[in-house]
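Protein chains: 2
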Amino acid sequence: MSNPSSPAIPLERLHAILGPKGLITDADAIAPWLTDWRGRFHGQSPAILAPATTREVAAVVALAQEQAIPLVPQGGNTSMVGGATPPANGRALILSLRRMNAIRSLSAEHNRAVCEAGVILSTLHEAAEAAGRRFPLSLGAKGSATIGGLVSTNAGGTQVLRHGTMRGLVEGLEAVLPNGEVYEGLEPLKKDNRGYDIRHLLIGAEGTLGVVTAATLRLVPALTRTATAWVGVERPHDALALLRLLERRFGQTIEGFEVIAGDCLGHVLSHIPGTRSPIGTPSPWHVLIEFDLSEAADGAQGEQRILSALSEFLESGRGLDATLAQNEAQAQSFWRLRESISEAERAQGPALQFDISVPVEAMPDYMVETAKAAQARFPGTTASSFGHLGDGNVHFHVRAPKGTADGPAWIARQGKEISRFVHDAVEAAGGSISAEHGIGQMKRAELGRLASPARLWAMRAIKQAFDPRGIMNPEKLIPLASEG
Amino acid sequence: MSNPSSPAIPLERLHAILGPKGLITDADAIAPWLTDWRGRFHGQSPAILAPATTREVAAVVALAQEQAIPLVPQGGNTSMVGGATPPANGRALILSLRRMNAIRSLSAEHNRAVCEAGVILSTLHEAAEAAGRRFPLSLGAKGSATIGGLVSTNAGGTQVLRHGTMRGLVEGLEAVLPNGEVYEGLEPLKKDNRGYDIRHLLIGAEGTLGVVTAATLRLVPALTRTATAWVGVERPHDALALLRLLERRFGQTIEGFEVIAGDCLGHVLSHIPGTRSPIGTPSPWHVLIEFDLSEAADGAQGEQRILSALSEFLESGRGLDATLAQNEAQAQSFWRLRESISEAERAQGPALQFDISVPVEAMPDYMVETAKAAQARFPGTTASSFGHLGDGNVHFHVRAPKGTADGPAWIARQGKEISRFVHDAVEAAGGSISAEHGIGQMKRAELGRLASPARLWAMRAIKQAFDPRGIMNPEKLIPLASEG
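Keeping their order, the protein sequence lines are chains A and B. For the first sequence, numbering that gives the first Met the number 0 begins at 0 and goes up steadily by one. For the second sequence, numbering that gives the first Met the number 0 begins at 0 and goes up steadily by one.
Okay, chain A solo, but in the shape it has when bound (with noise of 0.2 Å):
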């Protein structure tokens, strides 16, 4: 701890807008939030402001504003990349937005619910339920990870083919901007054109231009029938086809479509208990693909045409074997196998993950490409990935070679290295090395060192504009004058 009784610090002033509730200075009870949930990042701060509405945000931004104390806003803490724990000098405080978590509304008429930022994404998900809808996002963090977290990290998931990124779901927006003006954007208007457009400048930027206080989100109708599918192909661009004949003949009734390596797979085989393979043919690459037939007028009828595509997708030649869940249970046991991998990676050993994206026609190659020279580039490694292939977007794994002891002395040793290497392969294909967890700490330096000029230039211009001292969010996203 940093000393708390700072002078710097206004206590009283904070403690006069926040009152009792909103303002944790007991070094126990901040102590949990200075670290990531991986426990990779770790920092220092003398205190967590916890405001209840939008106005003690707006409050608490402006007196920070004039005083130049830096502000960590965070939700449920579960950035993927140390977005959201505060720098190590103890400078800065958290601002959590937990204590916000209001729905505000919620319209199944209308496939709306207006949710504050501490909202927890799983209670929205209870909320939506209860009223016949749904809100399409979901991730492993859901019982933790807040509405204001997902928006202000454009949080992906395995729904994005059909339903898009937070992005596409967002509203209407409300936030404190940094000069401690409320920006008012709630509403859910479909056509706007006055001017640069504000929320799409806010989803995404990670709490560095401001704190988003609540948005509007769009609710679908409720699954209730669905089809789930296990294919298992010989190489991604199989699979690739496979999804381009499903869109043709189901158009956007695929809710889901997850490639996962073979070895991927196996090592779920290997390490989580009562798992085992959808499919009898030994596959290097498989698919799990799940179709929305609640709006089928016949559901059985659904099952048969699905039925018909894979048996034509087989007999073209460019499928090893395939299968229907025969109901829920097995469904539910094909899914676990997909949500398994990173528990299993984990077991399995070392290894780097990466997240990124090329353009989806791109991915097969890059998914076959980079592995094999990561391989032959870093003898004893292997690469696989597993993930999003109809959105552009895998999770790319090097494992240690076999029998490394010591996993972070093998990434303070290598990690760099095939960072920059697995990086500059994205960067070949256009791609992105953030296609959905962001920068915040962990990227920021292969930012700099891989971004254009010019968009270097236009985030550290906005970034200046908004927020010249910099007490929005300090050390994160945007990469340092040395960092390119």
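Be careful, since some hints might not be right.
Computed from the model, here is a short list of chain A residues facing chain B with C-beta under 8 Å [what the hints assert, rightly or not]: (1) G155; (2) G156; (3) E180; (4) G203; (5) A204; (6) V359; (7) E360; (8) G429; (9) R454; (10) A457; (11) A460; (12) Q463.
Everything labelled a hint here was simulated from the structure, so no lab data went into it. Note that the Cβ used here is the ideal one computed from N, Cα and C, for glycine as well.
Keeping the supplied structure of chain A fixed, place chain B upon it in accordance with the hints.
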């Protein structure tokens, strides 16, 4: 003309960059581009710069920045708000993108076209059609409007309900920033969380933050079979109920849904030769609907399903009459009624026209109540509206009292007060004073009057950061300090 040989303009250096074809100083050749297509905004400029490549645009912008020469980017000069005509002081040069008119690539397989800024919309339509695809955005000025202008104004049209505005169709962007750097973002990445979204910032920025030079655009399957319906209703509330019914039944295959006030249709029937109402029952409001049956397994069956949905609607008591076009010629005659409204309204007499949006569910009340209130407040006027109800966007007209001979004098006398009245009602409904036309010169003062301090602060901060010398499309979009 201001002085074309002004020593302040480095003609020789411009000539060196652009060559003889790219530098136009002949007053007669410049004249047509000094006035907007509706003849309401006039400016002066000593030269048109017409680069042929992105590199030339970058060199021109860098030179203009160095010399503090204002530039007015111009495509087809079809702005509805004076967004592409130069200021009156004659200091700005027109930067015409019309020579950059290559479709760099078009892929039917990937449903994508990369177009330079000067490609004319109808040219893209034809190219897409030749490849068995279509670009699903169209508007009256399609024979002149260019891709760069459509991107820079986030253009709309009658297909937004299904396909979104230009913002939703731009998958990648190339632009020259005010510092002369080229932002290279043409890769169509579905997921990219590398910080601030520069693409979304430039879309709709009306050339005030840089010059769009090319865009990657999404194509969709060709329409091979459509069905076109006309329905009469008592109130716009019934039209919205019809839309919701049809959405439940036909989902994403509703290609267009336009609502038309009875008096607007009356003016079409009075002024446009050869037109007649599709339905016999006199109706206060009309609805034109287009369905895409291209994907339907059986087109005739698709029409039957539409007919039974319309019957159901009529039987529910919310509809007065309905008909389905019997053939393509009849469908075209239905659309001709919609597309002739602007012409008919002009023939009818002077009017003030507003392009406004509110949340969809608030639109029926807005249409009815604001018309009533405007007529009461400005005796002798008539007010009504037509347009894109499903997008929450209509064109709202307030017509001069019958017998008003001098339209411009009436507008000079009453325009400001009526505009404020209509816009105040938009603001009260949480709406936008510019749904699809942008701000340009025309709405700048009203934006300054009505925009929140937060919105104005953010827009001015971005503009100042990107373009501190104010050379990019001066006197457009950003309200003056005296205006808010």
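Each hint tested on the structure:
1. G155: Interface hint status for A:G155: holds (6 Å vs cutoff 8 Å).
2. G156: violated (10 Å)
3. E180: Constraint on A:E180 satisfied, holds at 4 Å.
4. G203: Because about 6 Å separates A:G203 from the closest Cβ in chain B, which is inside the 8 Å limit, the hint holds.
5. A204: holds (6 Å)
6. V359: With a closest approach of 7 Å, the A:V359 hint holds.
7. E360: holds (6 Å)
8. G429: holds (4 Å)
9. R454: With Cβ-Cβ at 6 Å, under 8 Å, it holds.
10. A457: Where the cut-off is 8 Å and the nearest Cβ of chain B is about 5 Å from A:A457, the hint holds.
11. A460: holds (4 Å)
12. Q463: holds (6 Å)
Checked against the numbered hints above, the structure breaks only hint 2 and satisfies the rest.
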